[in-house]
Amino acid sequence: MSFKDTFLNGEQGAFKPDGLTPMQKLALRFVVVGVLYYGLASIEGMIMRAYEITPIPGFDAEHFFAILTAHPLVGIFGSSYSIVFGAFLFLVPFLMNKPLWSIKMGNWSFVLVAVGTITFWGSAFVSHYAPLYTLYWPLPADFSQFSDIGGAVFILGIALVMVGTILFVINIFKTIAYTPEGAEKVNGRAMLASATGFSWKESIFRSKKKRREHLVSLPVAAIARGTVDTALNALIITFTGVLILVYMVAHIMGFDLKDTAIDALLYKNWFWWGLDLIADGLVLIFVAGTWYLLATLITGKDLYMAKWARLALWVEMVVSWTVWSHHLLADQAQPVILKVVSGEFVTAFELITQGLAFFITLITLWSARPLKMTNPLKFLLGGLTGFGLAVPAGIIQADLGLNRILHNTQWIIGPHVHVAILVGLTMTLFSAVYYLLPILTNGAKLYSQKLADFHFWAHIIGGVGMGAFMGMAGMKGMLRRTIYYEGEYNIYMILAGLSGALILLAFLAFLYNVIMTLGVNGLIGIFMPSKLKTKDLLPPEE
Amino acid sequence: MVDSTIVLNGQTIAYTIYAIVVLIFMAWFAVKITSSGKAGVLSNKLFAVLVILLTIMGVSLHIATSNTIPWVKYDLHKSAHTPDKTVSITVKDHEFILPENPLVINLEELVLFDVKSEDLTYGFGIFRADNTMVCQMQVVPGHKNELLWKFEKPGKYTIRSTEYSGPKGHQMILKDVLIVKE
Numbered sequence: 016m017s018f019k020d021t022f023l024n025g026e027q028g029a030f031k032p033d034g035l036t037p038m039q040k041l042a043l044r045f046v047v048v049g050v051l052y053y054g055l056a057s058i059e060g061m062i063m064r065a066y067e068i069t070p071i072p073g074f075d076a077e078h079f080f081a082i083l084t085a086h087p088l089v090g091i092f093g094s095s096y097s098i099v100f101g102a103f104l105f106l107v108p109f110l111m112n113k114p115l116w117s118i119k120m121g122n123w124s125f126v127l128v129a130v131g132t133i134t135f136w137g138s139a140f141v142s143h144y145a146p147l148y149t150l151y152w153p154l155p156a157d158f159s160q161f162s163d164i165g166g167a168v169f170i171l172g173i174a175l176v177m178v179g180t181i182l183f184v185i186n187i188f189k190t191i192a193y194t195p196e197g198a199e200k201v202n203g204r205a206m207l208a209s210a211t212g213f214s215w216k217e218s219i220f221r222s223k224k225k226r227r228e229h230l231v232s233l234p235v236a237a238i239a240r241g242t243v244d245t246a247l248n249a250l251i252i253t254f255t256g257v258l259i260l261v262y263m264v265a266h267i268m269g270f271d272l273k274d275t276a277i278d279a280l281l282y283k284n285w286f287w288w289g290l291d292l293i294a295d296g297l298v299l300i301f302v303a304g305t306w307y308l309l310a311t312l313i314t315g316k317d318l319y320m321a322k323w324a325r326l327a328l329w330v331e332m333v334v335s336w337t338v339w340s341h342h343l344l345a346d347q348a349q350p351v352i353l354k355v356v357s358g359e360f361v362t363a364f365e366l367i368t369q370g371l372a373f374f375i376t377l378i379t380l381w382s383a384r385p386l387k388m389t390n391p392l393k394f395l396l397g398g399l400t401g402f403g404l405a406v407p408a409g410i411i412q413a414d415l416g417l418n419r420i421l422h423n424t425q426w427i428i429g430p431h432v433h434v435a436i437l438v439g440l441t442m443t444l445f446s447a448v449y450y451l452l453p454i455l456t457n458g459a460k461l462y463s464q465k466l467a468d469f470h471f472w473a474h475i476i477g478g479v480g481m482g483a484f485m486g487m488a489g490m491k492g493m494l495r496r497t498i499y500y501e502g503e504y505n506i507y508m509i510l511a512g513l514s515g516a517l518i519l520l521a522f523l524a525f526l527y528n529v530i531m532t533l534g535v536n537g538l539i540g541i542f543m544p545s546k547l548k549t550k551d552l553l554p555p556e557e
Numbered sequence: 077m078v079d080s081t082i083v084l085n086g087q088t089i090a091y092t093i094y095a096i097v098v099l100i101f102m103a104w105f106a107v108k109i110t111s112s113g114k115a116g117v118l119s120n121k122l123f124a125v126l127v128i129l130l131t132i133m134g135v136s137l138h139i140a141t142s143n144t145i146p147w148v149k150y151d152l153h154k155s156a157h158t159p160d161k162t163v164s165i166t167v168k169d170h171e172f173i174l175p176e177n178p179l180v181i182n183l184e185e186l187v188l189f190d191v192k193s194e195d196l197t198y199g200f201g202i203f204r205a206d207n208t209m210v211c212q213m214q215v216v217p218g219h220k221n222e223l224l225w226k227f228e229k230p231g232k233y234t235i236r237s238t239e240y241s242g243p244k245g246h247q248m249i250l251k252d253v254l255i256v257k258e
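Protein chains in written order, with my numbering: chain F, 16 to 557; chain H, 77 to 258.
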């Protein structure tokens with residue numbers, strides 16, 4: 016095939032979007048948009064990295080901080096949420112062998128997350144609304160620095176994402192609990208109890224004879240438990256958004272509400288409790304579940320220590336409800352008991368739960384050796400490496416003594432956050448994308464294995480390198496969320512910038528590979544309505 | 077005496093060694109699982125050992141730092157320490173308002189920094205001339221923000237906000253305003 020033919024119709028013209036089911040299209044729409052938002056977040060990251068080396072002409076500090084506000088939200092909601100929602104809305108019915116409860120609701124989730132993300136991003140871009148994702152009270156309602164209308168549109172964008180998220184949550188739980196037409200009636204409540212782990216004592220503490228079978232598989236249990244945190248997080252963010260919106264609407268109407276009506280520390284606890292359900296909750300649970308699923312799919316073997324893996328997922332969920340205080344170790348008014356119990360010791364449990372997930376996945380892979388180094392396997396190993404590096408970095412900073420000199424430095428955002436998200440989470444997601452690509456596309460042929468190899472190596476070297484150089488700068492006192500004008504940390508920022516450029520190149524290689532695999536016509540076809548009127552996940556075999 | 081430079085150097089060495097071990101281990105693992113050979117049967121005892129090891133690692137870090145890092149005791153048992161000097165600072169409209177400029181503190185003196193915000197959440201950080209951090213805390217409006225500290229080395233120190241408080245806040249830097257005398 017000529018370059019033009021491949022560019023338009025994909026590798027060997029193997030991808031036929033007309034043959035996709037509505038469910039395949041739904042999953043692919045989420046993934047394509049999620050990948051594009053990942054690209055946007057990468058470009059934003061590079062702009063900020065360049066600005067940390069030397070301020071860019073035409074970009075003022077207000078624009079820098081607007082990007083800083085939008086960047087993590089685009090990365091988490093626009094990219095990670097989209098890819099995860101798409102994958103899980105497909106996988107839960109796939110693993111349970113029944114249709115998704117509502118494809119229409121799934122498409123609404125897709126539209127709301129995609130539109131919500133571009134709305135808050137656009138608002139930050141135009142109005143420079145920049146209270147950061149932390150929204151420390153009363154900064155989001157500080158109208159001496161920010162536009163009230165810009166802020167209201169920003170919050171509206173976040174609200175759209177949250178509505179899309181709540182629809183995703185309903186769809187997942189309904190899919191687990193409902194009985195499809197013509198099938199034998201299932202007990203929905205028992206299914207949900209098994210999935211969320213509130214029937215765990217039946218499998219751990221009963222004798223083997225009396226032990227009841229789990230009603231859902233381990234990966235479905237992981238998705239359900241992560242979805243509990245997703246739901247709680249959506250409720251907290253929605254409530255906080257409404258609160259901020261009240262102040263904005265009042266200001267637009269000419270009233271100034273007293274911001275001291277809200278206790279800043281109580282609000283900070285409340286908001287971090289909800290926000291941490293992402294970082295220390297659903298991300299870790301979803302990732303562990305994805306590792307288990309990928310390890311069993313890649314090896315064709317049962318998961319090592321599966322019952323303990325299931326219990327660890329439940330413990331992780333409960334731990335995620337009680338660890339928020341490690342974000343407030345530098346707050347002197349925070350009660351010491353919360354700092355020590357929640358901030359230090361409960362947080363240390365994450366080393367255990369994530370360490371077990373890491374170990375169980377490795378042993379499962381080991382049990383099937385020799386394995387072929389496929390794209391899903393190499394990206395899975397990359398994801399494991401990322402969390403192997405980032406989780407202990409987080410435990411280190413969740414320490415009263417060390418937090419005094421690490422809080423809000425580049426150490427936090429480099430070796431912990433960026434290595435966890437860019438290397439750990441993103442490489443796990445790429446592993447799932449490479450695995451699901453032939454299933455979702457009815458066997459489309461990957462355009463270039465060399466590009467996939469480059470994608471892997473450039474991403475992992477860039478991700479680990481960027482985290483390392485940011486960490487070194489943090490150890491030398493470089494703060495996050497600020498700008499240095501005198502080149503104090505240029506050596507580290509240049510090296511981190513070069514590493515970041517590698518990540519961007521990796522993404523471009525991946526994007527080009529996907530375009531040439533599916534073709535431009537194929538990519539457009541994904542967004543057209545399906546011609547197959549079926550709730551089945553895959554088209555009938557010819 | 078242990079100061080923040082020593083603690084950070086120790087952490088850098090420990091974490092760098094750990095990161096190198098993880099990277100080498102994962103590279104070795106990737107080679108081994110794709111090489112010919114069969115996996116032996118893994119004992120379930122190995123799992124129990126790992127749980128115990130991870131628990132010890134997680135808990136021992138906090139026990140070790142609480143016994144070796146001198147400023148932890150000020151946080152855990154603040155009322156047991158009487159400051160030699162109290163420095164009250166107000167933060168308002170993205171500015172630190174100091175009781176005197178420069179602030180003069182004696183070496184080895186236990187100082188209480190009492191920082192009050194009248195509007196937003198800020199940070200209060202003390203930095204050396206080479207930009208490395210001595211210590212910091214969050215400054216939350218409507219609450220007591222008190223930090224007990226003992227300086228181990230004489231010199232001039234810079235105060236800057238360590239928390240984002242909007243675009244106006246990133247220049248909240250008072251260079252060399254804190255002098256520690258021998």
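Read the hints as simulated data drawn from the structure, not as lab findings.
Every residue gets a Cβ at the ideal spot worked out from N, C-alpha and C, and that includes glycine.
Incorrect hints may have been included.
[Claimed, not checked] Examples of chain F residues toward chain H, derived with CB under 7 Å: (1) L154; (2) A345; (3) A363; (4) F374; (5) I420; (6) N457; (7) K460; (8) K491; (9) G492; (10) R496; (11) E501; (12) E503; (13) N505; (14) I506.
Which of the numbered hints are not met once you compare them with the structure shown?
6, 7, 11, 13, 14
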